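Colleague: These are the residues of each chain, in order.
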Amino acid sequence: MAARSPSLVFRLVLALATVSVLLSGAAAFALDALFREVALAARRDVLDAQVIALIATAELGADGSLVPATIAEARLTTPGSGLYAEIRDATGASAWRSPSSAGSGLRLLAQPAAGQKLYEQVALADGTRILALSLGVSWETGRGRPATFSISAAESLEPYFAETARVRGWLLAGALGLMLALVSGLYGGLKVGLKPLARLEKEIGDVEAGRRDRLGDGWPRELAGVTQNLNALLEGERARLGRYRTTLGNLAHSLKTPIAALKTMLGAGSLDAAAVSPQVERMQSIVEHQLRRAVLAGGGSTLAAMPVRPPLVELAAALGKVYRDKPIHCELDVPTSLSYPIESGDFMELAGNLLDNACKYGGGRVLVQARPEERPQWRRPGLLLSVDDDGPGISATDRLRVLERGVRADESVAGQGIGLAATQELVHAYGGTIEIGDSRLGGATVRVKLPGR
Amino acid sequence: MRVLVLEDEPVLRESLVRRLREAGYVVDAAADGIEGEYAGGELPIDVAVVDLGLPGKPGLEVIRAWRGAGRSFPILILTARDRWQEKVEALQAGADDYVTKPFQFEEVLARLQALLRRSGGWSQPVLRSGAVELDPRSQQVRVAGRQVELTAFEYRLLEYLMLRAGQVVSKAELTDKLYEQDFERDSNVIEVFVGRLRRKLDPEGRLQPIETLRGRGYRMTRE
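Protein sequence lines correspond, in order, to chains A and B.
68 is the number of the first residue of the first sequence in the numbering used here; add one for each residue after it.
362 is the number of the first residue of the second sequence in the numbering used here; add one for each residue after it.
Among the hints, erroneous ones may be present.
Unchecked claim - Derived, one-sided and incomplete: chain B residues facing chain A with beta-carbon distance under 7 Å:
{"#": "1", "residue": "Trp445"}
{"#": "2", "residue": "Gln446"}
{"#": "3", "residue": "Val449"}
{"#": "4", "residue": "Leu452"}
{"#": "5", "residue": "Lys462"}
{"#": "6", "residue": "Pro463"}
{"#": "7", "residue": "Gln465"}
{"#": "8", "residue": "Glu467"}
{"#": "9", "residue": "Arg479"}
These are calculated hints, taken from the structure and not from any lab test.
No experiment lies behind these values; they were computed from the predicted model shown.
Heads up, the beta-carbon is just placed ideally off N, CA and C, and yes, glycines get one too.
Extracted from the complex, chain B is given alone in its bound form:
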């Protein structure tokens, strides 16, 4: 999952970036509205966190510009002024949810997860694909009721596939969304990780939760 953070306050921005990375997200960040608008228009991001009081270009205008250009990723706004008028204005401009400053990181994370889940078409908090259950809130994975321990990267891989359940996800998309820009990209690595994930989820090979479509990518079924 790739997150864009637009926040001008350096301490807050760096803390958000660090903690989002710790939570397994690929993070892009910008400190002003103009740079941020460009990043949101060009990078393959899944969700954006936007501070409304940005230098260069106000957050509200950045959101309007993205929506005007047809960018449909969910947007979470951060605002220090928690008047309803501003919240309503931002939601009307195209934002999807808001968090008022000062905030707990956990709240931002929970709302981001909810936005990602909803944008993947899931209305329930727990994602299900066949026998596989994934709860983004606790980051726990169960297969047929049995808890499965995954590494951070494996979890992120599964989460992405499950959020996009029913769709074919290419290896290139997975590299885009699961690696920071500068990392070396090698589709073999993805194949290796998918192989490991399959063994952990389905040691006996009876469930086959991740389908491989030759030359196109992977797909999980949407229950």
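Same shape as in the complex, but just chain A:
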């Protein structure tokens, strides 16, 4: 057995797992980025509000420094609250710091020009990361030139980092969960969906082992065609096997008699040509007859439709050559489009025997007609084939006789009619009928009807 190819379930699960890892990974990445952006924007809004509040309460002191008159925000007065504020002059020296920044080691570097907003991320003495907004303001000092101050608010980013880490964890868990759910769902779905395949495998195994003789019914639509064809194949094979058995049995039985006769002669020591010859003749005709039966392919739904006209044209030409002494005029009334599911050798055999008889016993005029036969219960039409000749015809009493011959090997006689008997066997193998009648050409007409399906 060749190296086993990975199972369908494995292939599908692998493919879907790959796709879901990529998709859920991308989704988690995008969601994470989006969340961080939103969270950061919220932080910036808080800082903006703080800076605006500071400007609103800021007053210019007598020494020219700018300080907030009141501090409304409680977090700015509580040390270690995580919210800080600072006002620096144009030189960058701190003019005022919120009480909350005491001992924090807050040191901002941004130097915005008047009207400019600068965000910066710095670390405090204890390693806490903070986000700071510095807004440059130009303040009227009343002494000529307005002074530029930098008003800053800063907030610890630690809660933000904690939050994004938590969200990232959630996202990762969600993506993993989704992936697992998809893969296991697919696996389960495939197991259920492919169950009929497992059943098919088992039933074929049963047929092989002889535990059942055909596949059961109730298959999904996708498999119904396969199982129907398999059943047809099995039935065809069984019929063929049956025919072989019968043939072998007939052959063995019918050979026994001449063998017994020969043995008797051997025993009696009277083995002369005259006595042996009829026994050998008999054995020969038995073998011929059974050989002819053995090669029949017989009908079956697996046969492809075969165009009917070309073999008839070939036969007519070949027979014209054989019967050159009487000019054969063979008229083919067969549509070119006509086809029927029959093994090509069987059809050649069937038509060959009919045409040969017509040429042999007729006066030379042969008419071959073929038509499709439609019936409501047939999806594919049957075939009507008739061969007429202008010979003496076959009398009503002989009609049955020529068809009966060859039914059993040891009763068959070589010569006239054997072709028809062989044809009849073939027609029966395809489930058809054969009948002999009078032709309007003056001779016999042989009509063969093969069923449709």
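Fit chain B to the known structure of chain A by using the hints.
Modeller: Quick look at chain B alone, frame taken from chain A:
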């Protein structure tokens, strides 16, 4: 008449050769397709009997090779498998008739005679030249209704001339077709036999059925 027999089964081949010789034919035989194809291409044969199941080269291919090389002698096939498909295939390949095995020698002979008669252009079973009638089936010869007794060789000579009626047949051709290869060839012998045949067919010398064309050969008229 010269026959080529291609048959690999020795008993069958020897029996065919022997009985064909008894029937007055000059016979060449081969047991395989390659040798047979060569013989059919080189020897001046009038008809071939070919078994389809030959070793070396299948009979069907031998026939195709002969026909492809322009050899036009009639061919009778012997086949053990008597399915129409095979018969049609062989006839399409260039064979002219078939006999299925096992067969009666008489059937082979009758078909050979019919093929020879047809290849000579005769469509009737009885050959006629003037007052001379020859029936290959019964090997009987009549002149103006009177039966004439001929020896085997005389009969073969007459049959050949009548099959080729209307054509000039040279003495060399007659030696080729009426003697086995190894026999001594002497055109005087042919002259002697033609002389005897003339006396038997036409004792009074009124009918002159066999015309002599000096230096070219003999001719019988085709009625």
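Colleague: Evaluate each hint against the coordinates.
Modeller: Consistency of the hints with the structure:
{"no.": "1", "hint": "Trp445", "result": "holds (3 Å)"}
{"no.": "2", "hint": "Gln446", "result": "holds (4 Å)"}
{"no.": "3", "hint": "Val449", "result": "holds (5 Å)"}
{"no.": "4", "hint": "Leu452", "result": "holds (4 Å)"}
{"no.": "5", "hint": "Lys462", "result": "violated (9 Å)"}
{"no.": "6", "hint": "Pro463", "result": "holds (6 Å)"}
{"no.": "7", "hint": "Gln465", "result": "violated (10 Å)"}
{"no.": "8", "hint": "Glu467", "result": "violated (14 Å)"}
{"no.": "9", "hint": "Arg479", "result": "holds (6 Å)"}
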